[in-house]
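In order, the protein sequence lines correspond to chains A and B. Residue 2 is where the first sequence starts when you use the numbering used here, and the numbers rise one by one after that. Residue 219 is where the second sequence starts when you use the numbering used here, and the numbers rise one by one after that.
None of these hints come from the bench; they were simulated from the model. Don't take each hint at face value.
Stated by the list, open to error - Covered, in the sense of this in silico footprint (three residues per stretch, anywhere, with C-beta under 8 Å from a C-beta of chain A), are these stretches of chain B:
hint, segment
1, 273-280
2, 297-303
3, 306-320
Said to hold, decoys possible - To list a few chain B residues with every Cβ distance to chain A over 12 Å, as calculated:
hint, residue
4, Arg220
5, Leu223
6, Ala224
7, Ser225
8, Leu230
9, Thr231
10, Asp255
11, Gly268
12, Leu269
13, Glu325
As the list claims (entries may be wrong) - Some chain A residues close to chain B (C-beta under 7 Å, calculated; not the full set):
hint, residue
14, His170
15, Glu174
16, Thr214
Since the structure is predicted, the reported quantities are computational estimates derived from the model, not experimental observations. No residue lacks a Cβ here, since even glycine has one placed at the ideal position from N, Cα and C.
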Amino acid sequence: MARRRSRSRAGSKADQEFVSEAEEILERVRLDLADLRDQQARGTEVAPDLVNRLFRSAHSLKGLAGLFGFQPIHDLAHHLEDVLDALRLGKLVLHASAVDLVDRSVQLFSALLEAVGDDAALAAAAEPVPELIRGIEGVKQPPEAPSEAFAGLDVNPSLMRALTEYEEHRLRENLRRGRHILLADATFEIISFEDGLSELSAALREVGEVISTLPAPGESSDAQIRFSLLVGSDLPGDEVASRLDFPDTSIRSIRSGTEAPAPEPGSGPPVAEEPPPLADLRDLESLKSISETVRVDIRKLDELMNLVGELVIQRGMLSELIARLSGDAQTVRIGNELSKLHKVLDRKLRELQAAVLDVRMVPLRQVFEKISRVVRRLRHELDRDARLELRGADTELDKLIVEELVDPLMHIVRNALDHAIEPPDERRAAGKEPQGSIRIEAFQRGNHVVISVSDDGRGIDLEALRERARSQGLVPPDEVPSDRETLDLIFAPGLTTRSEVTETSGRGVGLDVVRHNLTLLGGAVDVESTPGRGTTFLLTLPITLAIVQSLVVAVGAQRFAIPLTAVHETLLVEPTDIQRSEGRELLNLRGEALLLRRLAREFGLPEADPDGRRFAVVMGLGDARVGLLVDRLDGQQDTVIKPIQGPIAAVRGVAGATELGGQEPVLVLDVSAFLAEALGRREAA
Amino acid sequence: MRALLASALEGLTSPVKITEVESGFEALRVLPRASYDLILTDINMPDINGLELVSFLKNDAKYRAIPLIIVSTEGSERDRDKGLSLGADAYLVKPFQPGELRRIAEELLAGDGRTDGAT
Chain A
2 MARRRSRSRA GSKADQEFVS EAEEILERVR LDLADLRDQQ ARGTEVAPDL
52 VNRLFRSAHS LKGLAGLFGF QPIHDLAHHL EDVLDALRLG KLVLHASAVD
102 LVDRSVQLFS ALLEAVGDDA ALAAAAEPVP ELIRGIEGVK QPPEAPSEAF
152 AGLDVNPSLM RALTEYEEHR LRENLRRGRH ILLADATFEI ISFEDGLSEL
202 SAALREVGEV ISTLPAPGES SDAQIRFSLL VGSDLPGDEV ASRLDFPDTS
252 IRSIRSGTEA PAPEPGSGPP VAEEPPPLAD LRDLESLKSI SETVRVDIRK
302 LDELMNLVGE LVIQRGMLSE LIARLSGDAQ TVRIGNELSK LHKVLDRKLR
352 ELQAAVLDVR MVPLRQVFEK ISRVVRRLRH ELDRDARLEL RGADTELDKL
402 IVEELVDPLM HIVRNALDHA IEPPDERRAA GKEPQGSIRI EAFQRGNHVV
452 ISVSDDGRGI DLEALRERAR SQGLVPPDEV PSDRETLDLI FAPGLTTRSE
502 VTETSGRGVG LDVVRHNLTL LGGAVDVEST PGRGTTFLLT LPITLAIVQS
552 LVVAVGAQRF AIPLTAVHET LLVEPTDIQR SEGRELLNLR GEALLLRRLA
602 REFGLPEADP DGRRFAVVMG LGDARVGLLV DRLDGQQDTV IKPIQGPIAA
652 VRGVAGATEL GGQEPVLVLD VSAFLAEALG RREAA
Chain B
219 MRALLASALE GLTSPVKITE VESGFEALRV LPRASYDLIL TDINMPDING
269 LELVSFLKND AKYRAIPLII VSTEGSERDR DKGLSLGADA YLVKPFQPGE
319 LRRIAEELLA GDGRTDGAT
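Chain A with its partners taken away, still in its complex shape (with noise of 0.2 Å):
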């Protein structure tokens, strides 16, 4: 069984809470810098939001990093949102530097995440901050003049007067933004002058920002009230004016605009903006959501499971029992109305398991999301072509699986733009498009999640491949193996199909690494390949660990349990239906040849009658089929598969343990080990 890579640091349950949140943001942020990279190489405009969306995600972990008191990162966060707000507000033109410091700032920000509940090296990570603030600080423009007066403007100085201090930052900035600034004065009906106001109030914002309103002393009469409106805008007074139609309302500009520095061509976001108030607004909603979402360590989701786990095994006990008092004719009354009242337990049980269960499930989007961001940045670094198509976002999964999917699925991507994608050159000889195609498509079959990953590349040399893999050692000189068992080498340890090993697909990590990593999943890696074509990928993975329905099968008196998710069917066997061949079990299954294997001599145990009948337990994972054959078939359970220690873990074919209802423990048959020897693949112990 796989457990989760557990968190190393030993930080408190607040600093875990802060690191997952700001990992959130900080994917985001990666993700939103891929994007702008990609567009500024492309030469297509950058779009305002964005740098935007940057900037909100800077803010955001500004306020996180500030309300979990980690002033280094505070700081950080700070500076960078300063830069990405010059950014976004078109002060400062989208040049490669102030994309480089930003990406900077998101490795530092890992490395200080990393360092997170342990004070000295968090101190170490957060030495490169001065700097770092520094470079940033370079890039921006010379800081505000504190407090100038503002000079210039045609207003009435109590107006000035009663800025607050956030207030008088609005109108520098709007000042310093080059926009127009504007007064409009407008008379209203003392009785309904809230109406009137807000209507304006909301008419202005939709061509600027409203700065300050104030009354207006002094002139009203008692009836009537005046307010002065102070207005940064793009627009000039007199088109405001045209465009607003407000009676008893004049509009007129106390300072011009300048105008803004144009940005160059395809490198900024163009200067218009919405104004604050929208932005505000989404800070809120952002915050909101926050608010409606739980974070939950998955280890408590585990221990809920757990739970219900052990309740399914009560239930399975109190089953028992029941069966025995219906069985007496004494207790057969009293039997059966608990049977009544078992079957409702027994379906809110199920309620409550499913329910469980859903609360793991996350959709595949995270992964594909980091997926698309390796692919964008070794398109550059490989000068690979490809163009990446995601299906299935939406497909979920458990959280445990889905964080054990990332890198066995990159790995087969890395290798699909690195060796398989050839270089637009030879793509056009071959007469296909320069660009290359990398398909991952997600979805649901049964209790399996399927993923493919295809790519229309060179595909796999079977010859090539069946060379190496006999110069390696892995295939005897004499023995030719089929186009299938030849494809299936490639997950083979040891083998590379290159004997140069390029950076992307790493060293060592090979596709038996992800076999491997697969099958501790319970799940299962084919490969489908066609020369000049291309290949195709197929994990399938259980849709959950935690609980699975499992069939009870025996040999002798030894029970064993087999995940449901793998059993197609199951088929009474009489000795005369096996054949033999070359020493191996075999049994025709609606004619095709499927290979048998005995439960009893793979662990070693005695058969009661080795002539006699016997059931076939027919598993199988993606393509690959085995009969297992049993004594016995004791139904179906609900399993709660544990992991076992000490030297039974050692031993092949056995994934964990579960407990039954009679709290036997019972040995869980890994189906992955039993089709890999069915297919006569040798793979390390």
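Given the structure of chain A, go ahead and fit chain B onto it with the hints provided.
Only chain B this time, still in chain A's reference frame:
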């Protein structure tokens, strides 16, 4: 907060009638309807800010003479000072003691002119 201020003021030596309003706008609406002897205002308000209200009141012949207390939070000294320079008569820093408010209010109502306000 308003209730707190009101209950503090109810303890004044001479009985007072208190009008509570929720915002600067509402204050503007109720002001012409009656005559008031003392005004208390916060600085951070949803519509107009307290400084704007002070500026309005202290520049209007009808309201100029009414003593006015600004209630501010710690750390907003600049806004508080601006309020005083706009003509506010005293200030009170949150959190405050009811006794402090009563002392300031008594002084202002007695027509002693400006006080130093809370310290």
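Hints versus structure:
1. 273-280: Contact hint for the segment 273-280 of chain B vs chain A: holds, 7 residues under 8 Å.
2. 297-303: holds (count 3)
3. 306-320: violated (count 0)
4. Arg220: Arg220/B is indeed farther than 12 Å from all Cβ atoms of chain A, at 19 Å.
5. Leu223: holds (21 Å)
6. Ala224: Consistent with the label, Ala224/B stays out of reach of chain A, its closest Cβ about 23 Å off (over 12 Å).
7. Ser225: Answer for Ser225/B: holds, closest chain A Cβ roughly 28 Å.
8. Leu230: Non-interface label on Leu230/B holds, nearest chain A Cβ at 28 Å vs cutoff 12 Å.
9. Thr231: Consistent with the label, Thr231/B stays out of reach of chain A, its closest Cβ about 32 Å off (over 12 Å).
10. Asp255: Fine: 19 Å to the nearest Cβ keeps Asp255/B off the interface.
11. Gly268: The claim breaks: Gly268/B does not keep its Cβ more than 12 Å from every Cβ of chain A (closest is about 8 Å).
12. Leu269: At about 4 Å from chain A, Leu269/B fails to clear the 12 Å cut-off, so the statement is violated.
13. Glu325: Given that every Cβ of chain A is farther than 12 Å from that of Glu325/B, nearest at about 25 Å, it holds.
14. His170: violated (11 Å)
15. Glu174: violated (17 Å)
16. Thr214: holds (5 Å)
The structure shown violates the earlier hints numbered 3, 11, 12, 14, 15.
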